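K.L.:
In order, the protein sequence lines correspond to chains P and W. Quick note on numbering: our numbering labels position 244 of the first sequence as 246, and the sequence is numbered without any gaps. Quick note on numbering: our numbering labels position 191 of the second sequence as 242, and the sequence is numbered without any gaps.
Think of the hints as simulated: they come from the structure by calculation, not from any bench. Because the structure is a prediction, the values reported are computed rather than measured. Using N, Cα and C, we set each Cβ at its ideal position, and we do this for glycine too.
With the C-beta cut set under 8 Å, the calculated list includes, among others, these residues of chain W facing chain P: (1) L231; (2) Y238; (3) K333.
Here are the simulated DSSO-like pairs of lysine-lysine, each with C-alpha atoms no more than 27 Å apart in a straight line: (4) P:K100 <-> W:K333; (5) P:K115 <-> W:K333; (6) P:K125 <-> W:K333.
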Amino acid sequence: MRHHGDTVGDGLLTMLSVDKTFGADIKALKDMSLQVNVGDFISLLGPSGCGKSTALRIIASLINPTSGRVEWDGDHSRGSVGIVFQEPTLMPWATVAKNVWLPHRLSGISFRKARSKIEDCLKVVGLEDFSNSYPRELSGGMKMRVSIARALVTDPRIILMDEPFAALDEITRFKLNNDLLQLKENVGCTVIFVTHSVFESVFLSNRIAVMVARPGRVFEEVVIDEGYPRDESFRTSSSYAAYCRRVSESLRRSTNAKT
Amino acid sequence: MAHISDEIETSRSEASKAIVDVDEYRRQRRARLERIGKWLMPLIVLALMLWMWNRIVTVNEIPHYILPDPALVITTLAADISLLWNALLVTLRITLLALAVAVIGGVGLAVIFTQSRFVEMSLFPYAVILQVTPVISIAPLIFIYVDNRTVGLLLCAWIVAFFPVLSNTTLGLNSVDHNLRDLFRIYGANRWQELVHLRLPSALPYFLGGLRIAGGLALIGAVVAEYVAGTGGINSGLAFTILEAGYRLNIPRMFAALLLIAGTGVLIFLILSLLSHLLLHKWHESAVKREA
Chain P
3 MRHHGDTVGD GLLTMLSVDK TFGADIKALK DMSLQVNVGD FISLLGPSGC GKSTALRIIA
63 SLINPTSGRV EWDGDHSRGS VGIVFQEPTL MPWATVAKNV WLPHRLSGIS FRKARSKIED
123 CLKVVGLEDF SNSYPRELSG GMKMRVSIAR ALVTDPRIIL MDEPFAALDE ITRFKLNNDL
183 LQLKENVGCT VIFVTHSVFE SVFLSNRIAV MVARPGRVFE EVVIDEGYPR DESFRTSSSY
243 AAYCRRVSES LRRSTNAKT
Chain W
52 MAHISDEIET SRSEASKAIV DVDEYRRQRR ARLERIGKWL MPLIVLALML WMWNRIVTVN
112 EIPHYILPDP ALVITTLAAD ISLLWNALLV TLRITLLALA VAVIGGVGLA VIFTQSRFVE
172 MSLFPYAVIL QVTPVISIAP LIFIYVDNRT VGLLLCAWIV AFFPVLSNTT LGLNSVDHNL
232 RDLFRIYGAN RWQELVHLRL PSALPYFLGG LRIAGGLALI GAVVAEYVAG TGGINSGLAF
292 TILEAGYRLN IPRMFAALLL IAGTGVLIFL ILSLLSHLLL HKWHESAVKR EA
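Just chain W, with the same shape it has in the complex (with noise of 0.2 Å):
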């Protein structure tokens, strides 16, 4: 009965203090809107554009063969989920495999950039180069030299992916605090030590940015990898099954790959937005929450 009174105390003081004046009543109203309409909005947005989809599909009767009905595409997916998930491992393999070596290689470029200047004059001109001619003009070159099919498309997503892991790596290894530096040399740190002490976590958020970016490229490059080597079989990605399904005007197919690729990229995003906050949310000024 107590506890139950005093709730009602705390319930009542919150209460009054939401409405201590009249702005902040505003402020806070403001505040609760905008938490559901983070998630409302959008999802009422997807439900107009299914509901006009289905209404032009029913109205127009177009065939499903030209544009399927948006529940056609659901159970499309359902029915062919064991083709389409074998697609989707294949195809996400290789983004990830990519990424990780995108990774290694743009981080271990940066470090090395930052090491020797001359180092950095010689190579950051051609990692350029290799970021501003579009994969899919590479690609063909690549599987003519490149017998292993794997090898292949791991080369073109691993070319699209890495260079904003190195462009921003080798800006945050460089945007040291001057005089954090300058305390390091007094205290006589050598250079390993100021490379794995100051540097490497000064680099971090610069990083993680540049992360979250390969991310969705390492998937859009396996993706356009896949369109070139073209190849069936068995070890076929997403990509290839759009490609076969449009050759059978199998369109609802052709959705619901596309559908998987999609929500593969929103998911890759999802993850690594979780890891750069799980690293930065103690210290960093981006994850911090501010009130008011």
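Same shape as in the complex, but just chain P (with noise of 0.2 Å):
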């Protein structure tokens, strides 16, 4: 399901000194620069406020940047963003498969057109049972695995998660952030995920962009040199340890060294 024409480690996108200020004086983000190439999987850790998901509505182009821009490499069109917010931002009103079919419905692709990409996408996310199922009628992990089907059917060339596990209680979490691995090395795809979990970003991640708050912006970027696929044994593992102790070592001196 890779995008076509992207090969792994080739540049996608980068945000080049991005300012965001919002009202006067409140400083969202501050010369804010980031690298991502095919096949990242990029953390931004950091505290609340320290501009994370505004660089992230930035790139999905929600919001424009005071100063600075977003270059991207290649065909940029609409469908090559896919997004997953925290909430699982389903229509109640229809049901899994036509929730999954909105991106595409919204671009003039009739359901029957759409039906097998749908089931496809549906199937990697282990719903595809459920798909005349309404919204309500799914617990919270099951939600979702629906909205991230919906982010991936258009064969999106990077899909934005802005803290989309963190209002799951811990277990769904866990299965969830496996999930989500098998998923990547199954659709191979480019990820940008916002979290304020060390031991998730670690888990997950290739590279992590630890972010300091007031004014928003990169502190460090920490590399977590551990191949894929990862499994369960990882977590447990002494590297895991090793990188979470210095992901946190990286938080704790970003949040002492004001400028």
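Need the complex rebuilt from these two chains, each delivered in its own frame; the hints are there to steer you.
P.N.:
This is the structure:
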């Protein structure tokens, strides 16, 4: 399902010294730069108010930067970005399949034409038996899976995830973390993942951008040099513990280092 | 034979399920009582009131041109049914037309409001003024300027009925999940798509709530307007029937007509509630029945 023409390691997008100011003087982001390559799983990690969601919304073109810019390498059309919010954000009046249809529906593709693609995506997240259910019939974790299936349905070049599992219980979150890695293997997608959990970011990412608040910016980038596929055993390995220590350390330094 | 014993077995297991513990047993008994009581209690109250009414009339020997016996109201209803039925149809026609125009006008205006904040700013205060001014005080003016009686009646009923549709639908159209709006923007939805696929479905529960209120109000508006219009003839509705019966001291007929109006109001409410249930029961929280 990988987006055609993208090769792992190629550049995908670059944020070039992006500033974002809300109102007169609330600096949400200051001089943020980030290079994203195809196949990356990048976590934006930091305390609330560090601008990680703002960065995500700028990449999604939902808001414009005050200065600086986002440059895309290659095709950047509608459907090349998928997004998953903290809430499942499903339409309660539509069935699971109709929810996953939405991105295609908005570009004028009929349900019948999109059907096989929708079914594929539901299979990827393990919900192929629930295509005719309504969202209220599903658990929180299942709703999140529908949300992920919807983000996948356009074969996006990149998926933006804004604390997608923060509202779930720990057991469900671990399960979805594993499934997300599995999905990354199968689909080969590029992900930017906003989180405030050190453990989650280390488990999932190959790169972590540790961010600092007021004004929001990248403090340091930590590379998690651990290959994929990763599984549950990584969670208990000594290298995992070492990375977690390293990232926590970086977070602590970032909050002390006030400029 | 086998399936009978099966049946006994199931009923026994159901019975044992019912008394799995004391709390559960009490809960189920309570639920059963409430199910029956919901229908039985109002009927008991009705029977009591009718009995008291009958006693008061009989004991005090009240003449029927002051307060008729409930039985006389029913016989009058049966005797005058063709006259009352025609009057009811006239009132009902105005009511339903007014409701239809209220839905078209209310939803249409609400959609325009959400498409342009400036139109909303300009017009909403006047919608409120129209709503808070008692229709009975506007109606005489309307009948001066509008020659066609039906149009005049319709206008009065519409003024009363359209506001709940307008305000509820506006609220609903603006109550869209902001993340869903972002999602629509990311996938390049145009205004029309956002309206049809996002705003209108989001507003549906609100609209239906407004519609149920508007249904009752349309009937009230139609009746009030008829009172003001006052002229008789073949096209007179239930309100005029009541007025006329009052002049003639035909009190039983007044009660019979009143009964029909109240019954019509209840029927409209029930039909709109059913409509609301049919449209929402699959997905909306308001229609979800929870266990325990």
